[in-house]
Structure formats: structure tokens, C-alpha cells
Amino acid sequence: MIANDISASEHLRAQVMHLLSGVSEHGDQHLAEVERDLVQMDVLLDEAIKKLCASFMAIHRAVDLQQEALDGLLAEGRLAPVHAARFEMLRGEINRHVAAAVTGLQFQDMTSQLIGRMVQHLAGLRGVFGALDASGPVLPESNNEALLAMLSQIGNRVGTCCTERAGGVRSTVNQRHMNSGDIELF
Amino acid sequence: MKTILAVDDSGSLRQMLSFSLKAAGYGVIEAVDGQDGLDKAKQQKVDLVLTDQNMPGMDGLSLIRALRAMRNYQNVPILMLTTESGDDMKAMGRAAGANGWLVKPFDPARLTEVVKKLIG
Chain A
1172 MIANDISASE HLRAQVMHLL SGVSEHGDQH LAEVERDLVQ MDVLLDEAIK
1222 KLCASFMAIH RAVDLQQEAL DGLLAEGRLA PVHAARFEML RGEINRHVAA
1272 AVTGLQFQDM TSQLIGRMVQ HLAGLRGVFG ALDASGPVLP ESNNEALLAM
1322 LSQIGNRVGT CCTERAGGVR STVNQRHMNS GDIELF
Chain B
10 MKTILAVDDS GSLRQMLSFS LKAAGYGVIE AVDGQDGLDK AKQQKVDLVL
60 TDQNMPGMDG LSLIRALRAM RNYQNVPILM LTTESGDDMK AMGRAAGANG
110 WLVKPFDPAR LTEVVKKLIG
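Those protein sequence lines, which keep their order, are chains A and B.
Add 1171 to a position in the first sequence, counting from 1, and you land on the number used in the numbering used here.
Add 9 to a position in the second sequence, counting from 1, and you land on the number used in the numbering used here.
Hints in this document: simulated from the structure, not taken from any laboratory.
Just so you know, these numbers come straight off a predicted model, no measurement behind them.
Careful: at least some of the hints might be erroneous.
Using C-beta positions, here's what the derived DEER-type ranges look like [what the hints assert, rightly or not]: (1) B:T12 - A:Q1238: 23 to 31 Å; (2) A:Q1237 - B:A78: 44 to 52 Å; (3) A:L1245 - B:E122: 53 to 61 Å.
Straight-line alpha carbon distances no greater than 25 Å define the calculated DMTMM-like cross-link-like pairs of lysine to aspartate or glutamate that follow [to be verified]: (4) B:K31 - A:D1242; (5) B:K125 - A:E1316; (6) A:K1221 - B:D116; (7) B:K125 - A:E1218.
Note that CB positions come from ideal geometry on N, CA and C, so glycine has one too.
From just these sequences and the hints, can you work out the full model?
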């Protein structure tokens, strides 16, 4: 009877350790993949914004030169009034699009901050999964008290990880759209 | 020509700031973080400072405090341009010596309007 109790206790202990180690290992693997994807996304967004900004500046320079040429024609009176009016209307339209593009092109500043925050949270979560790993400690006794002590130790490690992270990753981006933000003069 | 110091760790943001302010007729000096901003402000007196808050190393609030401690920057307008919009942060900015708070993303016309109001 006693031998059966010890065997069941050992079996339970082995199952708990197996479960915890599995959760720790697989959780960490998945989070590492997510972390890699986020870093890659950040790199791609960084390259994309550089190219978008370069194209925007090049287009703007070209449009500026075109407008200068048209201004020249206008000054020489070589444009019919109807064309001059159309030209002025298009100039206003271009300016509105330029302003909208300048606002839109600021997206990467915010996405980069959000990705950075996600990566920090992932690091915290990987720390929690690391703390769950029960493969390390070798218990001298195979009884329920020892198992409870081990679980309590793991619980404390997880608690410490959570406390260390709490408040450490402050949210700095609350924007949910790309409309321009408020302005307040003190 | 009035000169503006634009401090932000985001390259694209600095580029958009520079573009908007230069189009409005201002000269722009760019700095990549608070320390770089402080160094450049020491090298050349500017007419207005526009700074982000969250930057590696020296943040925007620390930069404002450092600038306000300098005799020739006590009356120079300083604007915060940041993603943060919380009242507590605004209060901290005000206490540090900021003259205004702009929440990103900025609209170029509204930005230049505020700048014009402060430095002409």
C-alpha cells in the first residue's frame, strides 16, 4: 500500500514536471518566433518609410519645378485665363495632398514605438516561461510535500517576473487613427 | 532666417518636420536625441526648439530642463511634439518649462501656424 502511494506520488511529480517543462519550452519557442517576426516587421517598416520619404521628396521637387515652369508661363501671359484658373486650383489640390502625405508619413514613429513595447512584453513573457521550467531542481524526496514546495517555488519565481515587469513598459502611443493630434499652448 | 532645432529619434519624423518648416521659410537643425539636441543648442543659439519626449538617452523633459538652466535659453520657446497626450505628461512638460504640447501626428499647416505665432 505504501509502495503504491510512493509510486503514485512519483508519477504525479514526474507528470507535473513534464507539463511545466513542456509549457516552458514550447511557450518560449513560440514567443521567440513572434519576437523574430516583430523585429523583421520593424526592419521592413523602417526600410519602407525610408523609400516612401525619398519618393515623396523626389515627387515634391519635381512638382515644384513643374509649378515654377508654369508660373513662368503665367507671368509671360502665355496661359489662357481658363488654364491659369485650372492651374491655381490644381496647385491648391496638390498642397492639400502634400499636407495629408506629411501627416500619413509619420506612421512609422508610432508603429516603431508599439513594436518596441511588444518586444519588451514578449521578453517579460519569455521570462515567465523560463521561470515555469521545472526541469532544473532535483527533489530529494518524492512526496506530495516536496511537490508542493517545488510548485510554490515556481509560483514565486513567476510572481517575481510579473512584479519586475509591472509598470516597466509604459504605454506611450494611444493613437488609433492618423488624424493630426491636438495642439495646446501653455 | 529664424532657426528651429528639431529633436526626434525617428528619422522619418525629422524629415517631415524639416520639410514642413523649411517650406514655411525657417531654417532647421536636426538632432537625433536629447543629448544631441543639447549639444547643438550649445553650438548655435536657435529661435525655437521642437522636441520629442521618448528618446533613447536623454528624453525631451530632461532636454527642456537642461535648456532652461542655460541663461540664453530661458526665454526661447520650446514645444513638445510627442505621441503622448496624457494630462500628467503635459503637466510635467509645463513644469519643465515647455511652452506648448503638440500630439503626433502633426499637420504641417497647424504646426507652422503655432510656430509663426511664437516666433513670427
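Quick rundown of the hints versus the structure:
A hinted range of 23 to 31 Å for the beta carbons of B:T12 and A:Q1238 is consistent with their spacing of about 26 Å. Checking the proposed 44 to 52 Å range against A:Q1237 and B:A78 shows it holds: the Cβ atoms sit about 49 Å from each other. For A:L1245 paired with B:E122, a C-beta distance near 28 Å fails the hint of 53 to 61 Å. Between B:K31 and A:D1242, the direct Cα distance comes to roughly 21 Å. Compliance with the 25 Å bound is thereby established for this hinted pair.
At roughly 74 Å between alpha-carbon atoms, B:K125 and A:E1316 are farther apart than 25 Å, so this suggested pair is violated. Restraint check for A:K1221 and B:D116: satisfied, since their Cα atoms lie roughly 20 Å apart, inside the 25 Å limit. For a cut-off of 25 Å, the pair hint linking B:K125 to A:E1218 is broken: about 33 Å separates their Cα positions.
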